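There are 2 protein chains.
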Amino acid sequence: MENIDLSMIKSPADIRQMYEKQLKDLAVAMRKALLEKLSAHGGHVGPNLGMIEAIIALHYVFNTPEDKIVFDVSHQTYPHKMLTGRMQAFTDPAHYDDVTGYTNPQESDYDLFSLGHTSSAVSLASGLAKARDLKGSKENVIAVIGDGSLSGGVAFEGLDYGATLGTNFIVIVNDNDMSIAENHGGIYADLRLLRNTNGTADNNLFRAMGFAYRYVHYGNDIPSLINMFRSIKDINYPVVVHINTMKGMGLPVAEADKEKFHFSAPFDLKTGEPYSSSDTPEGYDDLFANQVLARMKEVPELVIINAGTPGAIGFSPERRKEAGSQFVDVGIAEQQAVAMASGLAKGGARPIVALASTFLQRAYDQFSQDIALNHQPATFVVFYGSIFGINDETHLGFFDLGLLSNIPDLLVLTPTCREEFLAMLRWSEDQRRKPVVIRVPGGAVRSDSKITILDDYSCPSYEIVRKGLRIALIGVGTFLPVMQQAAENLSMKGFDPMVINPREVSTLDTACLDSIKDFDLVITAEDGIIDGGFGQKIASYFGDTAVNVINLGLPKEFLNRYSAIELQRECNLNPDGIADIVMSALK
Amino acid sequence: MENIDLSMIKSPADIRQMYEKQLKDLAVAMRKALLEKLSAHGGHVGPNLGMIEAIIALHYVFNTPEDKIVFDVSHQTYPHKMLTGRMQAFTDPAHYDDVTGYTNPQESDYDLFSLGHTSSAVSLASGLAKARDLKGSKENVIAVIGDGSLSGGVAFEGLDYGATLGTNFIVIVNDNDMSIAENHGGIYADLRLLRNTNGTADNNLFRAMGFAYRYVHYGNDIPSLINMFRSIKDINYPVVVHINTMKGMGLPVAEADKEKFHFSAPFDLKTGEPYSSSDTPEGYDDLFANQVLARMKEVPELVIINAGTPGAIGFSPERRKEAGSQFVDVGIAEQQAVAMASGLAKGGARPIVALASTFLQRAYDQFSQDIALNHQPATFVVFYGSIFGINDETHLGFFDLGLLSNIPDLLVLTPTCREEFLAMLRWSEDQRRKPVVIRVPGGAVRSDSKITILDDYSCPSYEIVRKGLRIALIGVGTFLPVMQQAAENLSMKGFDPMVINPREVSTLDTACLDSIKDFDLVITAEDGIIDGGFGQKIASYFGDTAVNVINLGLPKEFLNRYSAIELQRECNLNPDGIADIVMSALK
Chain W
1 MENIDLSMIK
11 SPADIRQMYE
21 KQLKDLAVAM
31 RKALLEKLSA
41 HGGHVGPNLG
51 MIEAIIALHY
61 VFNTPEDKIV
71 FDVSHQTYPH
81 KMLTGRMQAF
91 TDPAHYDDVT
101 GYTNPQESDY
111 DLFSLGHTSS
121 AVSLASGLAK
131 ARDLKGSKEN
141 VIAVIGDGSL
151 SGGVAFEGLD
161 YGATLGTNFI
171 VIVNDNDMSI
181 AENHGGIYAD
191 LRLLRNTNGT
201 ADNNLFRAMG
211 FAYRYVHYGN
221 DIPSLINMFR
231 SIKDINYPVV
241 VHINTMKGMG
251 LPVAEADKEK
261 FHFSAPFDLK
271 TGEPYSSSDT
281 PEGYDDLFAN
291 QVLARMKEVP
301 ELVIINAGTP
311 GAIGFSPERR
321 KEAGSQFVDV
331 GIAEQQAVAM
341 ASGLAKGGAR
351 PIVALASTFL
361 QRAYDQFSQD
371 IALNHQPATF
381 VVFYGSIFGI
391 NDETHLGFFD
401 LGLLSNIPDL
411 LVLTPTCREE
421 FLAMLRWSED
431 QRRKPVVIRV
441 PGGAVRSDSK
451 ITILDDYSCP
461 SYEIVRKGLR
471 IALIGVGTFL
481 PVMQQAAENL
491 SMKGFDPMVI
501 NPREVSTLDT
511 ACLDSIKDFD
521 LVITAEDGII
531 DGGFGQKIAS
541 YFGDTAVNVI
551 NLGLPKEFLN
561 RYSAIELQRE
571 CNLNPDGIAD
581 IVMSALK
Chain E
1 MENIDLSMIK
11 SPADIRQMYE
21 KQLKDLAVAM
31 RKALLEKLSA
41 HGGHVGPNLG
51 MIEAIIALHY
61 VFNTPEDKIV
71 FDVSHQTYPH
81 KMLTGRMQAF
91 TDPAHYDDVT
101 GYTNPQESDY
111 DLFSLGHTSS
121 AVSLASGLAK
131 ARDLKGSKEN
141 VIAVIGDGSL
151 SGGVAFEGLD
161 YGATLGTNFI
171 VIVNDNDMSI
181 AENHGGIYAD
191 LRLLRNTNGT
201 ADNNLFRAMG
211 FAYRYVHYGN
221 DIPSLINMFR
231 SIKDINYPVV
241 VHINTMKGMG
251 LPVAEADKEK
261 FHFSAPFDLK
271 TGEPYSSSDT
281 PEGYDDLFAN
291 QVLARMKEVP
301 ELVIINAGTP
311 GAIGFSPERR
321 KEAGSQFVDV
331 GIAEQQAVAM
341 ASGLAKGGAR
351 PIVALASTFL
361 QRAYDQFSQD
371 IALNHQPATF
381 VVFYGSIFGI
391 NDETHLGFFD
401 LGLLSNIPDL
411 LVLTPTCREE
421 FLAMLRWSED
431 QRRKPVVIRV
441 PGGAVRSDSK
451 ITILDDYSCP
461 SYEIVRKGLR
471 IALIGVGTFL
481 PVMQQAAENL
491 SMKGFDPMVI
501 NPREVSTLDT
511 ACLDSIKDFD
521 LVITAEDGII
531 DGGFGQKIAS
541 YFGDTAVNVI
551 NLGLPKEFLN
561 RYSAIELQRE
571 CNLNPDGIAD
581 IVMSALK
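Protein sequence lines correspond, in order, to chains W and E.
Residue 146 in our numbering sits at position 146 of the first sequence, with consecutive numbering throughout.
Residue 349 in our numbering sits at position 349 of the second sequence, with consecutive numbering throughout.
Source of the hints: derived by calculation from the structure; they are not laboratory data.
Since the model is a prediction, treat every value here as computed from it, not as a measurement.
Check the hints yourself; a few may be wrong.
Stated by the list, open to error - The calculated DSS-like cross-link candidates involving lysine-lysine, where the alpha carbons are at most 30 Å apart (straight line), are: (1) W:Lys135 x E:Lys297; (2) E:Lys517 x E:Lys467; (3) E:Lys587 x W:Lys517; (4) W:Lys135 x E:Lys517; (5) E:Lys135 x W:Lys321; (6) E:Lys434 x W:Lys138; (7) E:Lys434 x W:Lys135.
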């Protein structure tokens, strides 16, 4: 075995100089470096370990960056980054944070798109292929998509169109028989059949969609991959290359528990145990899962729907087992999750769809048409809709509040603490009147024993949590306690602000608002962008009065890897900032 | 042949009393009545004529409404309405308007959902089936979906999940080898293969997705359909029944020109010619198509993308032929249209995606992630985003303005007239700086020779189209001329209002707004719901000033079959209403 000096690899041209037999040693060296970084730094473990060989083979055979590769969701692109000028970010701990976890055109010309949502790579690549054909150039266009991502509807749309291109179009299906958790969907039986027949089964999803088809059984074997890629390089029609890879390959604990090691915080390479304490405090995901699991036992028609991210909503493998047929993972298919919930509600079941903020936007049309227009009483629990959620530009939780609250008939509740979240959830589990969204507060679980719990959240009823004069501070969800603290600060400076918990953001409590229409100043703070959100409704309502309104929230921007604390400071979303705003407004 | 008295059919129970051989005569009578209504009243011609036999057979065999049928997009449900208590609306001209053009639960318990967007029926039905299984009941659950609708990603998501149900789940694929226009997509080769092999081909999309499969070659033959439906009634696993039907059957002109007769205004039954004058005035669709067709000849990389509704954007079969490979219909697949545009722009082409307002919401995630986050300079031309668009509750154009204008980095232009629309389109065809949405004005084409045309629309620059004092009227798109007229009315009453054309709704022109911050009153009017829209941004901007702001627009509601004139009156969106608002605000 040869020791490959990774630092010598500055671009794919450097590996194309290597003998084919050296590439196995290159993979060994890359895997070793990756394991060291992953264990020390955390990241997407399984997807990257499984794709080292395929990515080496792709860059070895194809003439990147002229030949174009689009990696779906792009959480498998650490090996790609290593080979395309960013090796140091994987070998030198001081530079681990130089790169993002996804492809990023600002980092490299080898990265075509910023991607973090699944299933769009085939569509994006189909556009690149069509552009090539219009311009008359000849490069290869390649989409790399995982089996888990295939369940998203846009992937199907992309394949359906891509099959008709009639020119070079290569789709690599990276099949490791896993999504983030296990796969769900009818297509996976066919993928299994294809794997079990070495790709020879008559019943072939990809051929049925109009593609030529190739199969590589040893998808972690570089010579097999190179032979296949050479055979289809410069092909002049659309082809699917189905490669069978091992998620987590080379890390026994990741091979054994693929779900746990899809993504991991820093961990011990030997044991696989995370370095951080396993006594993590109870999160809203746990609160959610425990309450609905208990309720399920009393209500057989209560059913939880999730779209491929069960861990993010508290449904560990153990809890999924406990829920049995009352837990449904539809695969990465948010449109299905939301439309199915409409059918479930219409059929008399009690569906609760739990989704991350950043992904629910994939089902806007279903929220609008299938749920709201049809008045179906489904419950939607939105996680990570907060600046304290995920801080990658591709996974921001800033947009759902305006998106959902402007759909007619959809009640969007914004609990502020553990007690209110659980009360709203309990109420919505049982109500049969309307579609309800419950936006989980951001950050650590917070308890507030003084919060007023209602029997019915269906009508707007803002709660005055602190009486006051002249100034009203309306704090939505996560930002109610911030407003409360700001009020305390202000009270020490001689002000006496009212603090209001609106409880929801989709309807105005005009009685409450009218009761403060002789106030001087109303400040709103919400955990999302200001544009299209709650505060602007308040500003509009008071537009023809003498009440001054100042809206606080986030700018309409795609922020990337921001610090939440810094962001709070910049946007005056902390108690000091709010107090300053009040004092300067009243000067 | 027996003459069937349609008025005796009050519910499917009445046809279940009939001998099977009478059903053919029933179909004859229903087709005759339908043809009379369609020719006199207009409506979805082809889809309904093709499904008379299948709908008779479904209600004959299945025990509706206990057995549940979900009709995808539901524009093929006139025969269903005839058999389920609403015959008079198809036989008595005085009652033609008693029913909507889509299933509607407010009309009948046989209608499960209000549906008008394609591709969601399988998902909705999967929810009904799961609810049934949770409750332990035993009814059949049936989704009816057309071949055109299969190209929508949510249909695939629904099939992928539905195949795993493990219990009764029946999907009728109504294959008439047409979408609204011709089909586009790789799957259609497989459907053709299945039709040509009487359903016996090995390569079978539905089996590959995990379904059992049946085929009915004579999908307009009632005995064949009844035999098949009887054979799968109460089946205990998921099955696709692929039926080969004739779109427009029984109307020779519709059989011959399926695209023209997908939907038609009233027409002469013999000739197929519409009764209304064929000299319809040039619409924005024509203006759009003509300008881009001319430009295409100069710019080979200019490409128009549409998602299954080419006629709605001015691309008749002749114009599509003229555009050649520079026109792409991706099928009913808005996500693909938008994500592909990102790939096209990245690849150096100049994509223009043209979509109806109501359908673009199916691609929100692609607008946000694939286009805006990636800063790709694609152009989106939005038709029917207006109260003067389509007035069915399922097809409203009220929501796109807020939806798109709150996405970072997306420039949303709102032209007010023919000249401005074409100038903005021309500018965006050539610019390579940012993603641009151009919202086509509502109503008839309006000319305004005084409008100021810019060389560059990339930066906010509100145009003061009428100078004035104290009062500013900001009219967005369609409502600029309304504001201008209101200003004239007000000037006769001694006021002198300024009128502003903001040109866009995604960024504030703060210089312009600051120049009027000593005004008393600002009124905004926009062609969409107020919530989350443009006016609320203005209200927020002036929130801490003495300027009073009143936002005019639509309420956050799903209106149905409204009168645009009435709606303008109710919402003070006409010159008199606006003048009244100003006068009472300044009292």
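Okay, the hints, checked on the actual structure:
1. Simply put, Lys135 (chain W) and Lys297 (chain E) have alpha-carbon atoms about 14 Å apart, close enough for the 30 Å limit, and the pair holds.
2. Pair hint Lys517 (chain E) plus Lys467 (chain E) holds up; C-alpha atoms about 15 Å apart against a cutoff of 30 Å.
3. For the suggested pair Lys587 (chain E) and Lys517 (chain W), the alpha carbons sit about 19 Å apart, so the restraint of at most 30 Å is met.
4. Between the alpha carbons of Lys135 (chain W) and Lys517 (chain E) the distance comes to roughly 50 Å, so the proposed pair goes past 30 Å and is violated.
5. Pair hint Lys135 (chain E) plus Lys321 (chain W) holds up; C-alpha atoms about 20 Å apart against a cutoff of 30 Å.
6. Taken as a hint, the Lys434 (chain E) and Lys138 (chain W) pair is honoured in the structure, with Cα atoms around 27 Å apart against an allowance of 30 Å.
7. Of the supplied pair hints, the one linking Lys434 (chain E) and Lys135 (chain W) holds, its CA atoms being roughly 21 Å apart against a limit of 30 Å.
Hint violations for this structure: number 4 only, all remaining hints satisfied.
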